[in-house]
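These protein sequence lines are chains A and B, in that order.
For the record, in the first sequence the residue sitting at position 178 is 178 according to my numbering, with numbers rising by one throughout.
For the record, in the second sequence the residue sitting at position 366 is 683 according to my numbering, with numbers rising by one throughout.
Rather than coming from a laboratory, the hints here were simulated on the basis of the structure.
For glycine and all other residues, C-beta sits at the position ideal for the given N, C-alpha and C.
Some clues are possibly wrong.
Straight-line Cα separation of at most 27 Å, DSSO-like style, residue types lysine-lysine; simulated pairs [as the list claims (entries may be wrong)]: (1) B/571 x B/692; (2) A/62 x B/692; (3) B/691 x A/62.
Residues of chain A placed beyond 12 Å of chain B at every Cβ, according to the derived structure [said to hold, decoys possible]: (4) 40; (5) 55; (6) 72; (7) 96; (8) 104; (9) 156; (10) 175; (11) 205; (12) 246; (13) 253; (14) 257; (15) 273; (16) 282; (17) 300; (18) 310.
Here is what each chain is made of, one letter per residue.
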Amino acid sequence: MENIIQCSSVTRRFNAFVAVDNVSLSVEKGEVFGLLGPNGAGKTTLIKMMCGLLEPSEGNIKVAGFDVLTQRRHVWTHIGYMSQRFSLYRDLTVMENLKLYAGLYGVPYPSVSPLGKGGIRGGIEPLGLSGMEDRLARDLPLGMRQRLALACALLHEPPVLFLDEPTSGVDPVARRSFWDIIYTLSRESGVTIIVSTHYMVEAEYCDRLGLMHQGRLIAADIPLNLKSTSEKRSGSLISIRTSDFRRAFDLITGPFPQALLYGSHIHIRTFNPESDKEKALHFLRDAGITDAEISLQPLSMEETFIDYIRASDEIHA
Amino acid sequence: MHNRIYAIIRRETRELLRDPVYLGLAFIVPLALMLLFGYGLTMDVKNIPVLFYDMDRSPLSREYMNSFTNSEYFRNVGLAKDYKEIDHVIRSGKVRVVVVIPSDFSRRLHEGRPAQVQFLVDGSFPMRAEVVKGYVAAINAQFNQGMVSQYLSLKGQTAAAVFPISVEGRAWYNPSLESKNFIIPGLLVITLMFYPALLAALVVVREKESGTIFNLYCSPVRPWEVVAGKAIPYIGVAFINYILIFLMSVILFKVRFTGSFILLSAGALLYIACTIGIGLFISVISRTQIAAMLITFLGTMIPAFLFSGFMAPITSQDITGQIVSRFIPATYFMGMVRGIYLKGLGFSYYAWDLLTLTIYAAVVYSVAILSFRKKVG
């Protein structure tokens, strides 16, 4: 498969602050590539550079075969961009927003019918905006606005779509249906999608994930591989459930200093899950905690991510 | 290309039309400014409250006082009883001028000796005090002249022997020297400098604040298309403002208009294009709406007021003022407006000003377009 996006040693500094630190990354055509990282990890800065809105301090970026520095206008005709801040014109109606986009991108007028068939890529069934053509964008529920923003970003049928935290603040149901649309675009229309998020659930939907931390891309792989690599590095996960989880956690950090508290669960990463299960159970029982249930758990994305951050911090410490 | 500009124009227009409050403000504010300044900013000194302290109480002193109150410049508010009262009324501002006639006024005159009249004026407002001094001197001279001619005619001589030269003044273009004929056309220039610039100063920076600017940044639209698309609807709005202000000046304020409306409108269109361009440039370089508004206020309203020749002729300013005046479009339009309104001058007088405004507009838009960077950070 060809790489539709290629970032080579991209760095962006804001004075002394390094927002993006030597990131190299390639994305294949038709992939859904997720950028996962805490706020301030550099996801938005990286996406803005890929969109040609921000110049890299070092390195270069190619999108759809065009250099984002020297061929920005070509890049802009080949990408769609939807930002974390809902950025449509709130005082315009749904249809007026779409028409504005059609004008800006030179999409011929009669084919502007993203609410029906055609217009927007054939693979996309109506984005659920029919019947809302004359409503002002500001009166739409957030999930609908997000779809409208997506419709606008897709109007010129870009082969690459950048979504910068597209679902922040949207309820889970709307988020789910938003992702259905993203999948349809990727699988049926071959659109390459770069999406940044800090929702772990969303991260799991991506074909490949780039983990960002303090400006660095600390890993980029399919979610399953990320998990297995983490497992090889830090072991499996055992989870302890008990009603007296606070006291149990205080106690268990003695023999298991790597233990972490997740809500009312205690997570321990270990290479010897079976023996450590027994060890922890006996330890807690001796301390008077008798209702502890210990089980081996599949590694969650969150656990994996935190493990990667920890490993990265150890290297850079 | 045309499609993109058209799309932006249509969006700006929709936004303008959608919000009735905003739309109302766009047209009402300049008219309100004209009303407030037009009625408030009069430089005519008339109906000055005057108080007399007549210690003579003779027919001659009464005649002298009448020569003041018979003019429209002075309004008699009464007779003072003593100096203490004079002090009080000037202090309180009820009276601006006091004329004190001494008790030997008529006696000395009848004896053929000179009499002295004291004249007290509230000098806290120097410009007005200066004008009042002029009025008093003129009225006094007239009274003198009347007395002398009366005396001479009794002796069988004519006044011409004593006053061989007399001055007959006549003001061209503004015969009654009404300040409104001067102020109102000037206000038209000031308002069209400040308000269109202010409206335009918000259009780009507003999108920066709301984040909608990314729609433009990420699209293939070119900077000049954005600037043109945003300027055109606002030039339209400002031109309507111009028409309304013009009608107000001739219908409500009854300013003499003797020139060509077409020529004035052509100048206004170029001038508005300049001021909208200034506003857009400020909008492009600003980060917040508040900053854009302040910069516009300081950069348009104040220089236009002080340096365009609105209040005082440019030639009477120092060299700095004269240089500043060359950099504001109001200077070029001010000359045109006054000339067309009052003197009815034609195109040939203003070809140079029109050309200057055209060049000015070209420069302002070039700078605005070059400053519009489709980049963040």
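- Task: Against the structure, test the hints numbered earlier, and report the numbers of the ones violated in rising order.
- Result: 1, 5, 6, 7, 8, 9
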